[in-house]
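Participant: Protein chains in written order, with the numbering used here: chain H, 1 to 157; chain B, 1 to 157; chain Y, 1 to 157; chain Z, 1 to 161; chain W, 1 to 161; chain S, 1 to 161.
Don't take every hint at face value.
[As the list claims (entries may be wrong)] Here are the computed distance ranges between Cβ atoms for each label pair: (1) A24/B with T118/W: 35 to 43 Å; (2) D124/Z with E114/S: 36 to 44 Å; (3) P66/Y with D135/Z: 20 to 28 Å.
These aren't lab readings, by the way, just hints derived from the structure by calculation. Keep in mind the model is a prediction, meaning the values are calculated, not measured. Even for Gly, the Cβ is constructed at its ideal location relative to N, Cα and C.
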Amino acid sequence: MSLIAQVIAQSDAAERFLSSAEIAKLEDFFSKGQIRIRAAQKLADNEQKIVQEGSKRFWAKCPNTPSNKGNPQKTALCQRDQGWYVRLVSYCVLAGNEKPLDDIGLNGMREMYLSLGVPLPNLRVAMGCLKDVAADVLSSEEMAVAAPYFDRLVRAF
Amino acid sequence: MSLIAQVIAQSDAAERFLSSAEIAKLEDFFSKGQIRIRAAQKLADNEQKIVQEGSKRFWAKCPNTPSNKGNPQKTALCQRDQGWYVRLVSYCVLAGNEKPLDDIGLNGMREMYLSLGVPLPNLRVAMGCLKDVAADVLSSEEMAVAAPYFDRLVRAF
Amino acid sequence: MSLIAQVIAQSDAAERFLSSAEIAKLEDFFSKGQIRIRAAQKLADNEQKIVQEGSKRFWAKCPNTPSNKGNPQKTALCQRDQGWYVRLVSYCVLAGNEKPLDDIGLNGMREMYLSLGVPLPNLRVAMGCLKDVAADVLSSEEMAVAAPYFDRLVRAF
Amino acid sequence: MKDTITSIINPADEKGSYLDASALDQLNRYFQSGSMRVKAAKTISSSASSIISKTVASSLLYGDITLPGGNMYPTRRYAACLRDLTYFLRYATYAMLAADVSILDERVLNGLKETYITLGVPIDRVIEALNTMKDVLTDSVGTEAGQELGVYLDHIIAGLS
Amino acid sequence: MKDTITSIINPADEKGSYLDASALDQLNRYFQSGSMRVKAAKTISSSASSIISKTVASSLLYGDITLPGGNMYPTRRYAACLRDLTYFLRYATYAMLAADVSILDERVLNGLKETYITLGVPIDRVIEALNTMKDVLTDSVGTEAGQELGVYLDHIIAGLS
Amino acid sequence: MKDTITSIINPADEKGSYLDASALDQLNRYFQSGSMRVKAAKTISSSASSIISKTVASSLLYGDITLPGGNMYPTRRYAACLRDLTYFLRYATYAMLAADVSILDERVLNGLKETYITLGVPIDRVIEALNTMKDVLTDSVGTEAGQELGVYLDHIIAGLS
Ligand SMILES: CCC1=C(C)/C(=C/C2=NC(=C\c3[nH]c(/C=C4\NC(=O)[C@H](C)[C@H]4CC)c(C)c3CCC(=O)O)/C(CCC(=O)O)=C2C)NC1=O
Ligand SMILES: CCC1=C(C)/C(=C/C2=NC(=C\c3[nH]c(/C=C4\NC(=O)[C@H](C)[C@H]4CC)c(C)c3CCC(=O)O)/C(CCC(=O)O)=C2C)NC1=O
Ligand SMILES: CCC1=C(C)/C(=C/C2=NC(=C\c3[nH]c(/C=C4\NC(=O)[C@H](C)[C@H]4CC)c(C)c3CCC(=O)O)/C(CCC(=O)O)=C2C)NC1=O
Ligand SMILES: CCC1=C(C)/C(=C/C2=NC(=C\c3[nH]c(/C=C4\NC(=O)[C@H](C)[C@H]4CC)c(C)c3CCC(=O)O)/C(CCC(=O)O)=C2C)NC1=O
Ligand SMILES: CCC1=C(C)/C(=C/C2=NC(=C\c3[nH]c(/C=C4\NC(=O)[C@H](C)[C@H]4CC)c(C)c3CCC(=O)O)/C(CCC(=O)O)=C2C)NC1=O
Ligand SMILES: CCC1=C(C)/C(=C/C2=NC(=C\c3[nH]c(/C=C4\NC(=O)[C@H](C)[C@H]4CC)c(C)c3CCC(=O)O)/C(CCC(=O)O)=C2C)NC1=O
Chain H
1 MSLIAQVIAQ
11 SDAAERFLSS
21 AEIAKLEDFF
31 SKGQIRIRAA
41 QKLADNEQKI
51 VQEGSKRFWA
61 KCPNTPSNKG
71 NPQKTALCQR
81 DQGWYVRLVS
91 YCVLAGNEKP
101 LDDIGLNGMR
111 EMYLSLGVPL
121 PNLRVAMGCL
131 KDVAADVLSS
141 EEMAVAAPYF
151 DRLVRAF
Chain B
1 MSLIAQVIAQ
11 SDAAERFLSS
21 AEIAKLEDFF
31 SKGQIRIRAA
41 QKLADNEQKI
51 VQEGSKRFWA
61 KCPNTPSNKG
71 NPQKTALCQR
81 DQGWYVRLVS
91 YCVLAGNEKP
101 LDDIGLNGMR
111 EMYLSLGVPL
121 PNLRVAMGCL
131 KDVAADVLSS
141 EEMAVAAPYF
151 DRLVRAF
Chain Y
1 MSLIAQVIAQ
11 SDAAERFLSS
21 AEIAKLEDFF
31 SKGQIRIRAA
41 QKLADNEQKI
51 VQEGSKRFWA
61 KCPNTPSNKG
71 NPQKTALCQR
81 DQGWYVRLVS
91 YCVLAGNEKP
101 LDDIGLNGMR
111 EMYLSLGVPL
121 PNLRVAMGCL
131 KDVAADVLSS
141 EEMAVAAPYF
151 DRLVRAF
Chain Z
1 MKDTITSIIN
11 PADEKGSYLD
21 ASALDQLNRY
31 FQSGSMRVKA
41 AKTISSSASS
51 IISKTVASSL
61 LYGDITLPGG
71 NMYPTRRYAA
81 CLRDLTYFLR
91 YATYAMLAAD
101 VSILDERVLN
111 GLKETYITLG
121 VPIDRVIEAL
131 NTMKDVLTDS
141 VGTEAGQELG
151 VYLDHIIAGL
161 S
Chain W
1 MKDTITSIIN
11 PADEKGSYLD
21 ASALDQLNRY
31 FQSGSMRVKA
41 AKTISSSASS
51 IISKTVASSL
61 LYGDITLPGG
71 NMYPTRRYAA
81 CLRDLTYFLR
91 YATYAMLAAD
101 VSILDERVLN
111 GLKETYITLG
121 VPIDRVIEAL
131 NTMKDVLTDS
141 VGTEAGQELG
151 VYLDHIIAGL
161 S
Chain S
1 MKDTITSIIN
11 PADEKGSYLD
21 ASALDQLNRY
31 FQSGSMRVKA
41 AKTISSSASS
51 IISKTVASSL
61 LYGDITLPGG
71 NMYPTRRYAA
81 CLRDLTYFLR
91 YATYAMLAAD
101 VSILDERVLN
111 GLKETYITLG
121 VPIDRVIEAL
131 NTMKDVLTDS
141 VGTEAGQELG
151 VYLDHIIAGL
161 S
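Working from the sequences, and respecting the hints, build out all of it.
Facilitator: As structure tokens, then:
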């Protein structure tokens, strides 16, 4: 559900036409359309770089973690997970809200990682590293539309 | 839904046999049966008189109103509406409660007249005039069973 | 619904696995299994004795009662009722809770006896007498698992 | 629910007209029977439970139906039976007051036969009890009102047959 | 409800991939039409009731439909009719903003034709009113947005036909 | 739900009689198996989540099912899968305690196969997981209780097959 759908759902729940606050939200969203598209494209083109560099910084900060114990499968799975989260952030940038991240990557995430025995605090650190690298890759204008979703990600773990 | 049906519904909602208060209501209603029938008949026989005379008094009190601007269609519609409301009052007299008026003439009435651009305050005045003329037509005994419904009508606008 | 089913239903309502309190209840129930079976058997074998002796004591305490007015049908029905309640107590002893008594003999009991014109206070006395006789028939260990249900019975009238 | 008065007013409104002579005449007759109807309802309100007890005692008790395996055993079912008979009496009284059966169709008969069949409630015994109730009622409200009430109890019987 | 953006993202996630060029291009066009859509929604929010009044007056009033026996008689039905037209306008506006008809199918059309038939609501007159609404809208939001809104009102008409 | 004890008492009451010898004997055997049943339930209560993790790891992970397009992707579905397996374990424990499968039919299997088919949940993989759960359970509660629990997990498998 994109920001558009979200605003509509809210207006519909109130059983009235769009309020001026809702109108304003939509105007603001559409005004940043070009930036959103550029930011999403850059995240796609640089996923590898962000994950590789992110993992390095992560292991430096937090060496004692499943993906850093010489088990190649766990290392691979960890990096795959990171790539997936970068992808979900790119979806959010285009949707204008956190829903893609929440629906795809966060709803049920705690139960999953707890059951897998992957420590959430470590995941938190890893997500922080992804954000830092992304900030180097995106222009400040682009990072402005992407940052809230990286932050949501860090807060979620 | 007549007073009978109303009392039954109330007793049914309480899931018990009729209470003495409910019994009393029914006794009172049936005791006035003859008067109700006479009053309803007189309203029917005098509808034209009541509407014609009522309109005169209404325009005198409230000249600036759609039906008084030389548009014959609007004048006709206005008088038709008045006749309809007299008819609904006659139904109430026989039913022993306001339900016929509420269900037929008041439920949705505001939305309708607002959308039509017919001013509710003017309607209120017009209904008052109908009551006054009716009081001349009916005996005091008959008016006693009809008055509450004219009053409901005035209050509603 | 036996104590087992009751504990399960409670745990299920809480949407979790059995709590230690629930586990304890079950351990306690099963630990008394042999006694329960012996007590139930004795109540079955001695129903006649309990009812005959119980009726005597009941009529002594409460002579003015439908079953004591020389109407053999009423006397028979009253003693049949007493036998039925002894049977329901034996069910409870095996189920480990009051449900059999509640579901079979108490749910709707007041409406029934009121409509039949059988005085509840008299029934209360009669049930008390059944308990006294049962106490003579059962060992104290057995009576310990049966008494709560006779008490429930007395309280219910 | 419908009732005599509303069933006369609504079609008139559909035509946008006042009540015609025959409609007024019909109302008149109904109004005149009013005090008889209310008097009967009053009596029933004050003696319903004894009406039910008498009905049950002289139509259902002292046989197999109240023994284990019977549909009035155990107490829950016995009470359900008292409740049902009380429903029948209450709704028949309403219908008699409104001089209209519709409340019986909407609130009582709607799906009842199916429910009884599913639950193994013996319909012939229900009907037996309803017929007994007619006599018990006539004793307490008199012949005229008793006959009028009979109309509505018969409507229930017909709906179960 | 679905909306253009989500309908592009979900299939990408099912493949675990980023948006491809054509998807991004489609989004781009939608983003560019954004201000036109929002502007129209703004106008509609501030003049809905007058849009409805005009629509009703020039498509439904002054004939048999508002007289006894007609489906806009009495006031309850007249108001229901105003309410329905307001629903159609509101949901068409939502759909126009999302550039997606799914909300109309889910919230408006789902079971509507059946309801109208059961209640005797004359569908031809509903459609007449919806066509009138298109003209009334074009007058107030201009041709481009009027055409875009027409797409969704036509979707409702199609769903009722 | 039914349970062994009630299923013995109810038919006796329908006949108005006490429990006969064979019924009492059946109860006796059930009472004697009681401590074994409770002990197993106790172990399960304290180690459910590790039982589920082991079951998932050795039957479902590291393949396509957790990848985009697979039914355990994304996290919502992964968590739903953990939840379902936890349901199966909890209700199988209840049934084992009651020595009666009825709770599985009423609360778990009722409509489940249809739901799974509608949602594209791969039933063969669910069954694979349930079979794995039997081994994981035997490791933690021992052979006797493990076999008894197997009876109820097999009942679920049968209900899905
Ligand atoms: C298992 C649950 C259950 C019970 C207990 C039960 C009882 C029951 N007791 C009855 C009657 C009766 N029960 C009594 C009982 C008593 N008279 C006394 O003086 C004492 C206070 C008391 C005995 C302790 C009497 C006197 C009648 C006959 C009432 C009459 O016919 O007037 C009847 C109606 C007659 C018939 O059997 O058709 C029922 C159904 N039914 C059930 O389903
Ligand atoms: C106001 C409209 C209304 C009606 C009419 C009504 C009837 C009604 N009677 C029922 C049961 C019942 N009805 C009876 C009645 C009888 N059994 C006999 O043997 C007698 C012949 C007869 C009494 C005359 C019994 C015993 C049950 C319980 C059956 C069971 O649960 O096994 C049930 C099933 C649910 C329940 O037990 O409450 C309904 C819905 N409920 C309503 O809301
Ligand atoms: C039985 C319930 C009921 C009523 C009452 C009712 C009324 C009603 N009044 C109308 C018009 C109207 N009604 C009035 C009434 C008045 N003008 C005045 O100055 C006075 C304040 C007032 C008369 C007392 C007027 C002026 C119009 C025409 C409005 C227009 O066309 O602009 C219309 C729209 C025209 C048409 O008939 O198609 C309806 C439906 N409909 C119903 O179902
Ligand atoms: C948001 C989705 C939604 C829609 C679309 C909707 C429509 C809708 N319109 C209804 C009735 C109605 N709709 C109309 C409408 C009309 N009658 C006419 O003659 C005109 C041509 C037309 C107006 C253009 C009328 C008069 C009724 C009442 C019919 C009756 O109760 O007899 C009803 C039946 C329940 C009720 O009366 O409220 C529904 C559900 N409800 C919803 O929740
Ligand atoms: C798009 C939403 C989504 C995600 C994210 C997801 C993740 C996911 N991560 C997994 C494993 C894993 N994930 C990690 C992750 C990490 N190890 C670390 O040290 C770090 C803290 C962290 C990387 C930042 C590890 C180590 C495993 C393997 C755990 C194991 O097998 O023991 C698995 C189980 C193995 C499999 O793929 O079958 C899943 C399903 N599934 C989804 O549907
Ligand atoms: C207590 C009784 C009870 C049961 C049993 C139950 C099952 C159940 N599992 C469901 C979904 C699901 N069940 C699974 C399970 C799996 N997918 C796989 O690939 C694995 C093989 C498997 C785990 C072993 C999944 C992934 C879903 C979500 C499917 C979807 O929403 O697309 C749903 C649909 C609604 C929902 O998502 O919550 C129900 C009702 N719900 C209940 O209340």
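Participant: A separate judgement is required for each hint: does it hold in the structure or not?
Facilitator: Results of checking the hints against the structure:
A hinted range of 35 to 43 Å holds for the C-beta pair A24/B and T118/W, which are about 41 Å apart. Under the hint 36 to 44 Å, the C-beta atoms of D124/Z and E114/S, about 40 Å apart, fit the expected range. P66/Y and D135/Z have their C-beta atoms about 25 Å apart, which keeps the hinted 20 to 28 Å range intact.
This entry satisfies every hint, going by the numbered hints stated previously.
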